[in-house]
Amino acid sequence: MDKFKNSDGRKILEAMVLGIQTNKKYLSDIDGLTGDGDHGVNMNKGFSVFKERCLGEEISFTQGLEELSGILFNEIGGSMGPIYGTIFSAMADEGKEYEELGSRELAQMLENGYRELTEIIEAKPGDKTIVDTLYPAVNALRQASETASSFKNALEKMKLAANEGKNSTKDMKARFGRSSRLGDRSIGVLDAGAVSCCILLESMADGIIQLL
1 MDKFKNSDGR KILEAMVLGI QTNKKYLSDI DGLTGDGDHG VNMNKGFSVF
51 KERCLGEEIS FTQGLEELSG ILFNEIGGSM GPIYGTIFSA MADEGKEYEE
101 LGSRELAQML ENGYRELTEI IEAKPGDKTI VDTLYPAVNA LRQASETASS
151 FKNALEKMKL AANEGKNSTK DMKARFGRSS RLGDRSIGVL DAGAVSCCIL
201 LESMADGIIQ LL
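So the sequence shown is numbered by full-length UniProt numbering: it starts at 1 and just counts up by one.
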């Protein structure tokens, strides 16, 4: 069956944690070019706390997302804690009733995450934010889920769209956050939130593929 069990979520969550931990310095270096340089530190803190508290035993994918959301909301600095907290909480809420998850179910979870995100931030595609990664990735997964694509193929399409979206932020002028103060000087640098979102989506996809 082209699905994974929600109850087998620990492997996916571990992959997401590793993605952030491995890229801690990279994320802070990118953030330091236009911001205060703490994005990698803050994200690493939140995901490391999550690993220590929640990944010592089996945990469902949606339960893990809900636990991670609470930690990111309450225990890391910067604006990205509430942003990722909102996304993961909305994903967990959408998916908590599913015993098994395929491309359609995951797309619905991510769509709910994006929908809730747009309730707390005004950014749209093209504004050089996390939205420039998340929006095309969600669309790619949804479109693939509506065809005869395998789950793995749908995830690969999501990863490709996320990466292309992330890379597109390099040529954009920042319109939100600290980097927006730089105006045209923000052009030529990737957005740190778009990068971390890409890392998380790719890590999530790779973790799921291991279960298929």
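By construction, these hints were calculated from the structure, which means they are not laboratory data.
A portion of the hints provided could be inaccurate.
Computed Cβ-Cβ distance ranges for the label pairs, DEER-style [what the hints assert, rightly or not]:
1) 118 x 49: 34 to 42 Å
2) 77 x 211: 27 to 35 Å
3) 77 x 146: 37 to 45 Å
4) 7 x 173: 27 to 35 Å
Cut-off 27 Å, straight-line C-alpha distance, at most; resulting in silico cross-link-like pairs (DSS-like, lysine-lysine) [what the hints assert, rightly or not]:
5) 170 x 5
6) 24 x 51
7) 51 x 11
8) 3 x 45
9) 170 x 24
10) 96 x 152
11) 25 x 5
12) 24 x 173
13) 24 x 3
14) 25 x 51
15) 51 x 173
Bear in mind that the values here come from a model prediction, so they are computed numbers and not experimental data.
Glycine included, each C-beta is placed from N, C-alpha and C at the ideal position.
Here is how each hint holds up against the structure:
no.	hint	result
1	118 x 49: 34 to 42 Å	violated (27 Å)
2	77 x 211: 27 to 35 Å	holds (33 Å)
3	77 x 146: 37 to 45 Å	holds (39 Å)
4	7 x 173: 27 to 35 Å	violated (45 Å)
5	170 x 5	violated (37 Å)
6	24 x 51	holds (15 Å)
7	51 x 11	holds (11 Å)
8	3 x 45	violated (31 Å)
9	170 x 24	holds (20 Å)
10	96 x 152	holds (22 Å)
11	25 x 5	violated (33 Å)
12	24 x 173	holds (24 Å)
13	24 x 3	violated (31 Å)
14	25 x 51	holds (19 Å)
15	51 x 173	violated (35 Å)
In terms of the numbered hints stated before, the structure departs from hints 1, 4, 5, 8, 11, 13, 15, listed from lowest to highest.
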